[in-house]
Amino acid sequence: MVHAVLCFHYSFQNLKQKDQLRGSRRTSRIVAFYGLTAPPYELDALEPYMSQKTLEIHWGKHHRAYVDNLNKQLANSPLYGLTLDELVKVAYNNGNPLPEFNNAAQVWNHNFFWESMQPDGGYMPAAGLLQQIEKDFGSFPNFREKFITTAMSLFGSGWVWLVLKKEEKKLAVVGASNAVNPLVWGDIPIITLDMWEHSYYLDYRNDRGKYVNAFMDSLVSWQSATARMARAEAFVNLGEPKIPVA
Amino acid sequence: MAFCALVSKKALGSALRSGAADLGSGLCQIRRLQTFSLPDLSYDYGALEPAISGEIMKIHHQKHHQAYITNYNKALEQLDEAIQKGDTSKVVGLQSAIKFNGGGHINHSIFWKNLAPTNEGGGEPPKGALGWAIDADFGSFEALVQKMSSEGAALQGSGWVWLALDKELKKVRIETTANQDPLVTKGLHLVPLLGIDVWEHAYYLQYKNVRPDYLKNIWKVINWKHASDAFDGEAA
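In the order they appear, the protein sequences are chains R and S.
Number 52 in the numbering used here belongs to position 52 of the first sequence; there are no gaps in the numbering.
Number 47 in the numbering used here belongs to position 47 of the second sequence; there are no gaps in the numbering.
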């Protein structure tokens with residue numbers, strides 16, 4: 001499961017304004033801020049489908065900037081002190097996003113994105129997840145086509161998600177603009193693909209189709225997806241387990 | 001009196017449906033579905049360097065703008081068909097594709113004219129009526145540049161930042177639009193004088209994630225003459 005790395009430091013404040021306060025006061029303030037989570041592989045491990053150069057800039061500059069800017073915002077924000085998941089939901093503010101939303105969601109999204117990929121990825125999921133996909137999409141090729149079509153029909157910047165919908169208890173493919181992610185609708189993300197131009201432009205220029213296909217064929221981490229499905233099933237009852245009868 | 005009955009294959013259906021009587025009474029329905037094509041640039045791809053690289057200009061023009069045009073034409077064909085059939089759902093369903101691709105065509109067509117090589121006047125601040133309007137409404141040319149750059153940098157996701165003439169108030173001001181929304185989506189009384197594309201494809205190969213640098217440098221190739229002409233044309 002994705003966790004933001006929280007870093008702590010102590011600072012002591014010695015307030016000496018005796019005319020403003022009754023006696024001096026010494027307080028210790030613990031300040032926590034979000035850290036930049038690294039992809040769970042080397043930056044060149046996704047070559048040739050996603051170049052090291054792209055990872056260096058996408059992770060090292062874009063993702064890092066979202067983290068730094070979020071921390072800067074939170075220094076003086078009433079939203080300080082939440083977990084990243086909570087922060088994303090609260091800052092979304094039911095569709096009227098607060099200033100912190102964009103940075104918080106983009107930090108979350110990029111954390112999730114690195115984990116949605118792996119070296120030697122692609123091919124197909126196994127066992128339970130494959131069965132669920134076949135149940136909810138008809139077949140794996142159907143799902144694959146739906147994912148690709150949704151990705152290609154996004155206008156502007158956005159992300160495409162495979163989610164487990166809590167209410168409907170089904171898997172679904174959803175596209176969303178800019179930084180919006182399924183947490184805000186109470187759904188459980190399983191995999192994501194970044195469709196912002198910065199994610200593919202260095203490697204694919206404007207050929208989004210090639211990029212999306214490369215993700216599906218060679219990058220997507222079905223291992224991560226399976227682990228997330230397993231965790232998701234703790235929250236969503238997908239039916240009775242098949243217990244073999246003796 | 002014979003009116004020209006120049007009808008395309010597509011319009012023939014509608015003319016027949018409305019009956020030969022229409023033609024007979026002298027009213028002729030001329031319906032030709034216009035297809036759009038990629039406008040040429042009036043300068044070489046490399047002429048805007050070092051502000052904008054030739055590689056970016058070439059891909060931006062030949063791939064991105066062309067794609068908007070191709071998809072706009074496709075959407076218009078589908079719209080025409082849906083209108084003929086009276087398929088209202090389809091007509092409404094096509095609106096987002098038309099706004100996106102049609103908007104992309106409008107915006108980029110303006111953009112190419114908003115740029116000029118430095119040896120052809122690119123970067124020269126506006127004089128005359130537009131110059132005075134900018135001083136009046138922004139304080140100074142530098143203030144406009146600074147404000148427009150910061151609004152462009154702050155735009156989340158993809159979009160455009162515009163210098164717009166408000167025809168009603170007779171003032172110039174800065175607007176932003178998301179994705180490929182043309183300026184008119186912010187108000188039919190707004191005329192685009194200058195638009196800067198802040199989609200990542202407009203600068204990524206050269207500036208990577210440093211959009212502020214792109215916005216700092218693009219002023220060197222902004223064609224203020226075109227913006228002035230557009231201003232004079234409307235404000236007259």
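If you're looking for bench data, these hints aren't it; they were derived computationally from the structure.
Just so we're clear, the structure is a prediction, and the values are computed from it rather than from any experiment.
The beta-carbon is built from N, C-alpha and C at its ideal position, and this holds for glycine as well.
It cannot be assumed that every hint is accurate.
Okay, derived cross-link-like pairs now, EDC-like style, lysine to aspartate or glutamate, Cα gap no bigger than 20 angstroms in a straight line [what the hints assert, rightly or not]:
#1 K63/S / D68/R
#2 K208/S / E240/R
#3 K58/S / D207/R
#4 K53/R / D166/S
#5 K208/S / D68/R
#6 K208/S / D120/R
#7 K58/S / D203/R
Partial list, computed: chain R residues near chain S (C-beta under 7 angstroms) [said to hold, decoys possible]:
#8 S51
#9 Q52
#10 T54
#11 I57
#12 W59
#13 H62
#14 F155
#15 H198
Rough simulated footprint, nothing fancy, chain R against chain S, three-plus residues with beta-carbon under 8 angstroms [unchecked claim]:
#16 174-181
#17 187-193
Status of each hint after checking the structure:
Under the criterion of a C-alpha separation no larger than 20 angstroms, the hint pairing K63/S with D68/R is inconsistent with the structure, at around 34 angstroms. A C-alpha spacing of about 50 angstroms is found between K208/S and E240/R, which places the hinted pair above 20 angstroms, so the restraint is violated. For the given pair, K58/S sits about 14 angstroms from D207/R by alpha-carbon distance, which is consistent with the 20 angstroms threshold. The suggested pairing of K53/R with D166/S is violated, with an alpha-carbon distance near 44 angstroms, which exceeds 20 angstroms.
Among the hinted pairs, K208/S with D68/R is consistent with the structure: their alpha-carbon atoms are about 18 angstroms apart, no more than 20 angstroms. For a cut-off of 20 angstroms, the pair hint linking K208/S to D120/R is broken: about 27 angstroms separates their Cα positions. Of the supplied pair hints, the one linking K58/S and D203/R holds, its CA atoms being roughly 17 angstroms apart against a limit of 20 angstroms. Given the 7 angstroms rule on beta carbons, the hint for S51/R is violated: about 13 angstroms separates it from the nearest Cβ of chain S.
At about 14 angstroms, the closest approach between the beta carbon of Q52/R and any beta carbon in chain S exceeds 7 angstroms, and the interface hint on this residue is violated. A hinted interface residue such as T54/R counts as satisfied when its beta carbon comes closer than 7 angstroms to some beta carbon of chain S; here the least separation is about 10 angstroms, so the hint is violated. Hint status for I57/R: holds, given a least beta-carbon distance of 5 angstroms to chain S, under 7 angstroms. Nearest Cβ of chain S to the Cβ of W59/R: about 11 angstroms, over the 7 angstroms cut. The hint is violated.
Nearest Cβ of chain S to the Cβ of H62/R: about 5 angstroms, under the 7 angstroms cut. The hint holds. Using the Cβ-Cβ criterion of 7 angstroms, the hint placing F155/R at the interface with chain S is satisfied: the shortest such distance is roughly 5 angstroms. A least Cβ separation of about 5 angstroms between H198/R and chain S falls short of the 7 angstroms threshold, and the interface hint therefore holds. Three residues within the 8 angstroms Cβ limit are the bar, and the stretch 174-181 of chain S against chain R gives 3, so the coverage statement holds.
Coverage of the stretch 187-193 of chain S by chain R is violated in this model, with 0 residues showing a Cβ closer than 8 angstroms to a Cβ of that chain against a need of three.
Hint check: violations occur at hints 1, 2, 4, 6, 8, 9, 10, 12 and 17; the rest are consistent with the structure.
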